[in-house]
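Q: One line per chain: the protein sequences are E and R, in this order. Residues 2 to 323 in the working numbering are what the first sequence lists, from first letter to last. Residues 11 to 757 in the working numbering are what the second sequence lists, from first letter to last.
These are calculated hints, taken from the structure and not from any lab test. All C-beta atoms, glycine included, are put in the ideal place defined by N, C-alpha and C. Certain hints may be false.
Said to hold, decoys possible - Looking from chain R toward chain E, a few residues come up when the C-beta cut is under 7 Å (computed):
(1) G22
(2) P58
(3) S93
(4) R95
(5) I107
(6) I120
(7) R277
(8) G280
(9) L676
(10) Y683
(11) P686
(12) R687
(13) A693
(14) E695
(15) W746
As the list claims (entries may be wrong) - Per label pair, the in silico range of CB-to-CB distance:
(16) P59/E <-> R37/R: 36 to 46 Å
(17) R63/R <-> A85/E: 52 to 62 Å
(18) E57/E <-> R680/R: 25 to 35 Å
(19) P623/R <-> A85/E: 31 to 41 Å
(20) V202/E <-> R349/R: 28 to 38 Å
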Amino acid sequence: MLLPAHDYVKPRTLEEGLGVLSRSGAAVRLLGGGTDVTFNMRNRLMQPAVLLSIRELPELLGVEEWPDGSLRIGAACRLADLAAHQAVNSRHPALAAAFKAVASSHVRNMATLGGNLNLDTRCWYANQTQEWRAAKGGCLKTGVDACHVVASVKTCVAINNADTPPALIALDATITLASAGGRRTLRLADYYRADGVTHTVRRTDEVLTEVIVPPTPDRLVFIKDTARLGIDFAYGTIAARRAADGRTRLVLGSLGPAPVVLRRAAVIATQRGLADTHIEEAAEAAREDLGVVSNLYTPAAYKRDLARELVRRALTALRDMP
Amino acid sequence: MSAKPGEFTVIGRRQPRLDGFEKVSGRAVYTDDIVLPGMLHGRILRSPHPRARIVSIDASRALALPGVKAVISSRDFPDVLFSERQPLFARDTANYIGEEVAAVAAVDAITAEEALHLIDVTWEPLPAATTLREALRNGAPRIHDWAPGNVGPTHEKDYGDPDLGFAESDLVVEDQFRTPMQHNTLTEFHVALADWSKPEKLTVWTPTQSAPMYQQNLAKGLGLTESQVRIVYNNIGGAFTGRGRPKPHHFIAALLSRRTGRPVKIRAAGDEEFIMFRGSGETQYRFRTGVTRDGRIKAIEMDITFDSGGHAEWVMILWLPAAVMNWLYHAKGSRYRGRFILTNSVPKGSHHGGIFGRISAGWMQHMTRVAEAIGMDPAEFHLLNAMDPGDTGLDGTHFASCGLKECIRAVVERSGWKQKYGKLPRYRGIGIGIGAQASGSKGAANDTSAAMVKVDGDGLVTLFTGIPDMGQGSHTVMSMIAAEVLGIEPADVRIVAGDSDVVPFDWGAFSQRGTFMTGNAVKNAAEDARKQLAAVAAQLFGVPESELRFGARRVFPASSPQKALSFAQLVGKTFNSPEGRYVMGRGFFNSPRAFGPLACSFGAQVAEVEVDPATGAVKVLKVTAAHDIGRALNPLGVEGQLDGQVFSGMSQVLYEECKTDDGQVLNPSRLEYKLPRTWELPAVEYILVETIDPYGPFGAKEVGEGPIVVTMAAIASAVANALGVGMVEEIPMTPWRVRAVLDRMPG
Ligand SMILES: Cc1cc2nc3c(=O)[nH]c(=O)nc-3n(C[C@H](O)[C@H](O)[C@H](O)COP(=O)(O)OP(=O)(O)OC[C@H]3O[C@@H](n4cnc5c(N)ncnc54)[C@H](O)[C@@H]3O)c2cc1C
């Protein structure tokens, strides 16, 4: 349970860091706040030769308000700062709520937005000590062709348990990935893969440098359901957005390997409106459409019930917002 | 009945914890803070198989690693037993994932950890049975030769005439219940630091509830005499029955120290905390009760099946419930059937609340169902059948003081029970539970507590006691008792504790015996010292000793308080008298009963809950708790105990569960083993029912585990009431279990 031996590199500039990544990306693990990396290293889930600290890179810091009303958030911004940030709170209070929903104040004082967006997926069988896992003989996540959650699967079903992606996806946020070769911009919605092992499309030579949140007059709500207040990973989260013309978007988090954009439920809410019966229909659609397995805390049947309830609550909140 | 004004100067005062500042300022020393010169770090190699034969162990690669000082296994110590039929290190077969196979001592923790991976063990996996269900199945592998059908020790006992009781009943109700594996979640992780560099003396620094129990077990296992084993404990981060006896790591640290001649520390690393703990295992219950149409309980029956894990370590929990089930109600007879089932999983013990907290979560739901089956209000039903002062339970336990009925009446009134029971809206529920708990339950002849005080010239007193303070506040209460007797202030009493070489014998802090047993011992010791001082004062004042008063750091004849000497002056005069007497008082206490408790606390609680039918989440709105604790020596401490127990009771009923696969805990951390936080604490209203017990120190009984038993009962019953089902047959009542209950309900 002690950290394995590794080198620690703290570049002064992004370019210097990208240089390290382009030379030996696969052996490098980016270090944001370290609130997840260090645990995974202690458990020998990650044994990088190099930890590359990016939390103080100037290019990754700061919140800017652009003339078009967009917010540009540096990936190394700490969640505690973002949750309290005036511009974030005034423009997107539900996004501020999502930042604040992560872990506890102690963790948010260390944790970065980039770390949260890249948070490794989690599973009963993988997030254990090396000795613990050895008793089980490893799994997809540790390079063995086996899954202890669902024996038959070929793709890892570890859960994306991060709290901030659903709200940012609902807001149509884009991200910038930088490498020594250049920059690319991606919708956050396209960043995640439903595979617990390779859960994003990031290449090992890339760093997520910033998140751009476009302006919107739409309503947004974020809800997180947990066992306990003020510390826990979610049983489930939802971000829901609704435009004045009724267009609705629903994004669930923590119920599978990637955030889930609910199509049918959103269409029902968009086309039929938010009368109680239609909310119920949309919620039921969410329950039926969600593919889930029993992993982390809750059984599959409950995950579906929870999805229904989250949709119900989110749509009701959108309707009742002043 | 509270103390009459002027009856006491210290007792009954709301005394803040004397060790509070030390603790909140982070200065309190815990075992892991101790670093000795030359100290090594130990780590334990554990079995990765639920059941497997050890073909060979080869430590040569580990021993070759620089910094490694010793590697030991059953090959080195084949005869050291941990419990009766259980070798310390797995010898031929390992019986659970996590069982001790070998251990390493190295110069630092990382080297020790590395060395573990260099020990080569050849295994031959065997078929395993890791749950009660698997172990009881036809054709299940037999885990131990001595346990056919995997049935370990059993305990069967009838009290009174249960068959007659059932025959006289108009109605017999039967229910099933299940509780899962639960962890004691001690704030301080398991840790032992052992120094056995000299063969005739083993010193172990470790948190404990009972130094003598550790001395006895270690001495027996390691071939020493009891006082050759010295147990040193500092501040202790919780115990909750989890530190009642030494665990394998205590023995292993000692053996590594013997082997290397240096002190060795072993501290639980991460998920090891969930292997070392010995909390409660999965348990299945069957309750059967016979009643007459007019609501009189005639017969009580309990049948309990315990998953004892890979060994039968702590048999006490098997026989404890048999007696306790007789302490609440009058009945013709009762019957207890208990059995340990061996499974390939971590050996079990018990959790906060003992075994009775968990029983109570099911039993009191069952009793509510019995009441409702005959059309009675459950509160009335409890009241009708409850014990009175002067009663004796079927097991022979006598209740010289008993405020059970007062407690029931108090919670009924203060919670608004009559306005609420049966009248709440859907998904709101109210439940009542009652309970009794031993104030120390004698299990052995030497269930003794002893104490010494020495009185110094500046009027300060040093109290030598063997009672550990695990957070329950015992040291503060012992200071209060000594201060009351000697007429000084609690802050004038310095506690020396935590070193078995220094303090007199004390069986320890378990079975809720601290205040009652140690309190009596401290009172006796202080009275002995006072008697010595009084003899001198009587001469000085020329009055009989019975005329003397000790109080507010003064001593004076009752008739002329203006003549008072300060306590320190009297001590000085005693020391400087022709006799030159240095005052030391000694005292001890042992119950006059041969077996079982001399006094019991009683309590009743009403809980109100709200269930969210969509998510299944349960919220506890309010708990009204009335407890007969004898006299509240320190009401502030009593309330702290109540808060903690309502919290922990709620936690066990609604949250806590070790999820397992192949006997391995899937959630072995404080993040994943979901204990609620203070945010989740409900409003608690306390009512202290002070029946003054004739045997307790100043009339006090216990508040160590009485309340939690009742909380578990009240909350579980309230959830069943909110759901409109007779019983919720399993705890914890997590959101998904509650949803499943709702899904099964018609309509
Ligand atoms: C007690 C506890 C409770 C927690 N509860 C929650 C919770 O409720 N909700 C929740 O969402 N999380 C929770 N977490 C997980 C974690 O703390 C947070 O997700 C946090 O935001 C991670 O940020 P970090 O900066 O510390 O990440 P790090 O640990 O530094 O990194 C996490 C991952 O992201 C990668 N990474 C970091 N920055 C970048 C970047 N700029 N570009 C590309 N990759 C990057 C790292 O290489 C690593 O793989 C909890 C953790 C703990 C210890």
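Q: Of all the hints numbered above, which does this structure not satisfy? Sort the numbers upward.
A: Failing hints, ascending: 1, 3, 4, 7, 10, 13, 14, 20.
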